[in-house]
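First to last, the sequence lines map onto chains A and B. What the first sequence shows, in my numbering, is residues 1 to 118, in sequence order. What the second sequence shows, in my numbering, is residues 1 to 108, in sequence order.
It cannot be assumed that every hint is accurate.
[What the hints assert, rightly or not] When the alpha-carbon atoms are kept at most 27 Å apart in a straight line, the in silico DSSO-like pairs for lysine-lysine are as follows:
{"id": "1", "chain 1": "A", "residue 1": "LYS57", "chain 2": "A", "residue 2": "LYS83"}
{"id": "2", "chain 1": "B", "residue 1": "LYS100", "chain 2": "B", "residue 2": "LYS45"}
{"id": "3", "chain 1": "A", "residue 1": "LYS42", "chain 2": "A", "residue 2": "LYS83"}
{"id": "4", "chain 1": "A", "residue 1": "LYS42", "chain 2": "A", "residue 2": "LYS78"}
{"id": "5", "chain 1": "B", "residue 1": "LYS79", "chain 2": "A", "residue 2": "LYS83"}
{"id": "6", "chain 1": "B", "residue 1": "LYS42", "chain 2": "A", "residue 2": "LYS78"}
{"id": "7", "chain 1": "A", "residue 1": "LYS83", "chain 2": "B", "residue 2": "LYS100"}
{"id": "8", "chain 1": "A", "residue 1": "LYS83", "chain 2": "B", "residue 2": "LYS42"}
{"id": "9", "chain 1": "B", "residue 1": "LYS100", "chain 2": "A", "residue 2": "LYS42"}
{"id": "10", "chain 1": "B", "residue 1": "LYS42", "chain 2": "A", "residue 2": "LYS42"}
{"id": "11", "chain 1": "B", "residue 1": "LYS100", "chain 2": "B", "residue 2": "LYS42"}
{"id": "12", "chain 1": "A", "residue 1": "LYS78", "chain 2": "B", "residue 2": "LYS45"}
{"id": "13", "chain 1": "B", "residue 1": "LYS2", "chain 2": "A", "residue 2": "LYS57"}
{"id": "14", "chain 1": "A", "residue 1": "LYS42", "chain 2": "A", "residue 2": "LYS57"}
{"id": "15", "chain 1": "A", "residue 1": "LYS57", "chain 2": "B", "residue 2": "LYS100"}
{"id": "16", "chain 1": "B", "residue 1": "LYS100", "chain 2": "A", "residue 2": "LYS78"}
{"id": "17", "chain 1": "B", "residue 1": "LYS42", "chain 2": "B", "residue 2": "LYS79"}
{"id": "18", "chain 1": "B", "residue 1": "LYS79", "chain 2": "B", "residue 2": "LYS45"}
{"id": "19", "chain 1": "A", "residue 1": "LYS57", "chain 2": "B", "residue 2": "LYS45"}
{"id": "20", "chain 1": "A", "residue 1": "LYS78", "chain 2": "A", "residue 2": "LYS57"}
{"id": "21", "chain 1": "B", "residue 1": "LYS100", "chain 2": "B", "residue 2": "LYS79"}
[Stated by the list, open to error] Label-pair distances were calculated between CB atoms; the ranges are:
{"id": "22", "chain 1": "B", "residue 1": "PRO108", "chain 2": "A", "residue 2": "GLN64", "range": "38 to 48 Å"}
{"id": "23", "chain 1": "A", "residue 1": "GLY72", "chain 2": "B", "residue 2": "GLY54", "range": "33 to 43 Å"}
{"id": "24", "chain 1": "A", "residue 1": "LYS83", "chain 2": "B", "residue 2": "SER53", "range": "37 to 47 Å"}
[To be verified] Part of the chain B face toward chain A, derived, beta carbon under 10 Å:
{"id": "25", "residue": "VAL4"}
{"id": "26", "residue": "ASP7"}
{"id": "27", "residue": "TYR36"}
{"id": "28", "residue": "LEU46"}
{"id": "29", "residue": "SER49"}
{"id": "30", "residue": "VAL89"}
{"id": "31", "residue": "ILE96"}
{"id": "32", "residue": "GLY99"}
{"id": "33", "residue": "GLY101"}
By construction, these hints were calculated from the structure, which means they are not laboratory data. Virtual Cβ for every residue (Gly too), placed ideally from N, Cα, C.
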Amino acid sequence: EPEVTQTPSHQVTQMGQEVILRCVPISNHLYFYWYRQILGQKVEFLVSFYNNEISEKSEIFDDQFSVERPDGSNFTLKIRSTKLEDSAMYFCASSEAYRGRAIGETQYFGPGTRLLVL
Amino acid sequence: RKEVEQDPGPFNVPEGATVAFNCTYSNSASQSFFWYRQDCRKEPKLLMSVYSSGNEDGRFTAQLNRASQYISLLIRDSKLSDSATYLCVVNGDDKIIFGKGTRLHILP
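Isolated chain A (complex conformation) (with noise of 0.2 Å):
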């Protein structure tokens, strides 16, 4: 069954350092997600991407945050300068349509990246 698949498992990084969290989504899926969970928190949609651009972002995900599909395969999120509050759980998803298409846009879940910042 095919999957979405996320590198690095674990990243510790130093405060105002950049990170770059990968993902594969699935191959055919056309719509990108990431989220991020706090540990012991709910699951907070950050962005979503299609056609090569940012269809819609929460308040979270401002300046310090940027996203990119740079080949067919990865879609890449960056952390320009972190901080102690970026540690969290990032999860990528993925879905062959979009909400209110309801066939097809269930989301497919990425094990996660676990961010830590220190």
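Here the structure of chain A is known, so what remains is to put chain B in place on it, guided by the hints.
Same frame as chain A, now just chain B:
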């Protein structure tokens, strides 16, 4: 009122019992609804979509009540492997919102 609200639990239920939990949402324009399960320190995994007419998948039944703005999940004949956190997900016009989840412990 919170956008998506769930009873955090935990629900401690003996194996074989039936358990149900609800999720309420505040945006009446919400378009689609899902239940995901999340095991400790793992990614959310889709359990089932929730359709207006209600739907069933084996031991799991999901219902949507648009008038009262809630969705429900019923688990029959619960198994030890059902122990997890169950996340309600609501897709609105401009937001994808997860509930905080309901923790379920199935007791042997």
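Results for each hint:
1. A:LYS57 with A:LYS83: holds (19 Å)
2. B:LYS100 with B:LYS45: Holds, at about 15 Å.
3. A:LYS42 with A:LYS83: With Cα atoms ~19 Å apart, LYS42 of chain A and LYS83 of chain A stay inside 27 Å; holds.
4. A:LYS42 with A:LYS78: This hinted pair holds, its Cα atoms lying about 21 Å apart.
5. B:LYS79 with A:LYS83: Violated: LYS79 of chain B and LYS83 of chain A sit about 41 Å apart, past 27 Å.
6. B:LYS42 with A:LYS78: Holds, because 22 Å separates the two Cα atoms, which is no more than 27 Å.
7. A:LYS83 with B:LYS100: With a Cα-Cα distance of about 24 Å, the restraint between LYS83 of chain A and LYS100 of chain B holds, given a limit of 27 Å.
8. A:LYS83 with B:LYS42: holds (23 Å)
9. B:LYS100 with A:LYS42: holds (5 Å)
10. B:LYS42 with A:LYS42: Holds, at about 13 Å.
11. B:LYS100 with B:LYS42: holds (15 Å)
12. A:LYS78 with B:LYS45: Between LYS78 of chain A and LYS45 of chain B the Cα gap is close to 24 Å, so the pair holds against 27 Å.
13. B:LYS2 with A:LYS57: holds (20 Å)
14. A:LYS42 with A:LYS57: holds (17 Å)
15. A:LYS57 with B:LYS100: Given pair LYS57 of chain A, LYS100 of chain B holds - Cα atoms ~20 Å apart, limit 27 Å.
16. B:LYS100 with A:LYS78: holds (26 Å)
17. B:LYS42 with B:LYS79: holds (19 Å)
18. B:LYS79 with B:LYS45: holds (17 Å)
19. A:LYS57 with B:LYS45: It holds: about 22 Å lies between the C-alpha atoms, which stays within 27 Å.
20. A:LYS78 with A:LYS57: At roughly 14 Å apart (the allowed maximum being 27 Å), LYS57 of chain A and LYS78 of chain A satisfy the hint.
21. B:LYS100 with B:LYS79: Holds, at roughly 23 Å.
22. B:PRO108 with A:GLN64: 38 to 48 Å: holds (47 Å)
23. A:GLY72 with B:GLY54: 33 to 43 Å: The hint (33 to 43 Å, Cβ to Cβ) holds, given that GLY72 of chain A and GLY54 of chain B are roughly 40 Å apart.
24. A:LYS83 with B:SER53: 37 to 47 Å: Cβ of LYS83 of chain A to Cβ of SER53 of chain B: about 46 Å, so the range 37 to 47 Å holds.
25. VAL4: holds (9 Å)
26. ASP7: Constraint on ASP7 of chain B not satisfied, violated at 14 Å.
27. TYR36: This interface hint holds because 8 Å falls under the 10 Å limit.
28. LEU46: Where the cut-off is 10 Å and the nearest Cβ of chain A is about 5 Å from LEU46 of chain B, the hint holds.
29. SER49: With Cβ-Cβ at 7 Å, under 10 Å, it holds.
30. VAL89: With Cβ-Cβ at 8 Å, under 10 Å, it holds.
31. ILE96: Because about 5 Å separates ILE96 of chain B from the closest Cβ in chain A, which is inside the 10 Å limit, the hint holds.
32. GLY99: Where the cut-off is 10 Å and the nearest Cβ of chain A is about 7 Å from GLY99 of chain B, the hint holds.
33. GLY101: holds (7 Å)
Comparing the model with each earlier hint shows violations of hints 5, 26; every other hint is respected.
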